[in-house]
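Residue 14 in the UniProt record's numbering sits at position 14 of the sequence shown, and the numbers go up by one each step.
Some clues are possibly wrong.
Cross-link-like lysine-lysine pairs, in silico, BS3-like; alpha carbons within 27 Å at most [as the list claims (entries may be wrong)]:
#  : residue 1 : residue 2
1  : K41       : K26
2  : K56       : K38
3  : K95       : K41
4  : K64       : K26
5  : K16       : K26
6  : K95       : K64
7  : K16       : K56
8  : K95       : K71
9  : K38       : K26
10 : K95       : K38
11 : K16       : K41
12 : K16       : K71
13 : K56       : K26
14 : K41       : K56
15 : K71       : K98
16 : K71       : K41
17 : K95       : K56
18 : K38       : K64
19 : K98       : K26
20 : K64       : K98
Since the hints were made in silico from the structure, they are not lab data. The model shown is predicted, which means the values in this text are computed figures rather than measured ones.
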Amino acid sequence: MNNHFLQNPNLSSSAKGVLAVILSNKDDWRIYPDEIAKRSKDGLVSHRSAFEELEKQGYIRTIKRSLGRGKGIQHYRFAQDIPITDEYFGYILEKFEKELSTKNVDNPNGGTLQD
C-alpha cells in the first residue's frame with residue numbers, strides 16, 4: 001500500500017483510517033460503509049463523513065446502478081491509495097460495464113474488474 005494518502009494534509013485522520021481499512025481487505029472485497037462502521041467504535045455518521053471526504057478528494061469513486069423501479073440502487077465503490085483520475089475512472093467504468101454485461105460483477109470467481 002502506497003502511503004500517499006497518509007501523507008495528505010487535506011485528509012482527516014478519520015478518512016485516512018477508513019481508507020486504510022478499505023485497502024487492507026482483499027481486492028475483490030465489496031466496500032460497504034455500514035460494515036466498516038461495525039469494525040470500530042466510531043459511529044456510522046462519522047464513517048459516512050469520512051467516505052464523503054474520501055470521495056471529494058478522489059480516493060473513492062462510486063458507480064450507482066438502479067435495481068429497477070422501486071427496488072433501490074446498488075453502489076459499486078472503487079478505492080485507491082492515490083486519487084483516481086477522471087481518465088482512470090473512465091477506464092474503470094468501461095471495464096465495469098463490460099463485466100456487468102456478462103453478469104460477473106458480483107461474482108469474484110466468475111470475473112473481476114482487474115486485469
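Do the hints match the structure? See the list:
Only pairs whose Cα atoms come within 27 Å are accepted, and K41 paired with K26 is accepted, the gap being roughly 23 Å. Taken as a hint, the K56 and K38 pair is honoured in the structure, with Cα atoms around 23 Å apart against an allowance of 27 Å. This hinted pair does not check out: K95 and K41 have alpha carbons roughly 36 Å apart, beyond 27 Å. Of the pairs offered as hints, the one joining K64 and K26 holds, with about 22 Å between alpha carbons and a cut-off of 27 Å not exceeded.
Proposed proximity of K16 and K26 is supported: the alpha carbons are some 18 Å apart, at most 27 Å. With a CA separation close to 15 Å, the supplied pair K95 and K64 stays within the 27 Å bound. Restraint check for K16 and K56: satisfied, since their Cα atoms lie roughly 13 Å apart, inside the 27 Å limit. Using a Cα cut-off of 27 Å, the hinted pair K95 and K71 holds, with the two alpha carbons roughly 25 Å apart.
Pair hint K38 plus K26 holds up; C-alpha atoms about 18 Å apart against a cutoff of 27 Å. Between the alpha carbons of K95 and K38 the distance comes to roughly 31 Å, so the proposed pair goes past 27 Å and is violated. A distance of roughly 16 Å separates the Cα atoms of K16 and K41; the hinted pair therefore holds under the 27 Å criterion. For the given pair, K16 sits about 33 Å from K71 by alpha-carbon distance, which is inconsistent with the 27 Å threshold.
In summary, the hint linking K56 to K26 is supported, as the alpha carbons are separated by about 24 Å, within the 27 Å threshold. Of the pairs offered as hints, the one joining K41 and K56 holds, with about 24 Å between alpha carbons and a cut-off of 27 Å not exceeded. At roughly 23 Å between alpha-carbon atoms, K71 and K98 fall within 27 Å of each other, so this suggested pair holds. Restraint check: the Cα-Cα separation between K71 and K41 comes to about 31 Å, which exceeds 27 Å; the hinted pair is violated.
With a C-alpha separation of about 23 Å, the suggested pairing of K95 with K56 holds against the 27 Å cut-off. The straight-line distance between the Cα atoms of K38 and K64 is roughly 23 Å, inside the 27 Å bound, and the hint therefore holds. In summary, the hint linking K98 to K26 is supported, as the alpha carbons are separated by about 22 Å, within the 27 Å threshold. Between K64 and K98 the alpha-carbon distance is near 15 Å, which keeps this suggested pair within the 27 Å criterion.
Hint compliance for this structure: hints 3, 10, 12, 16 are not met, and every other hint is.
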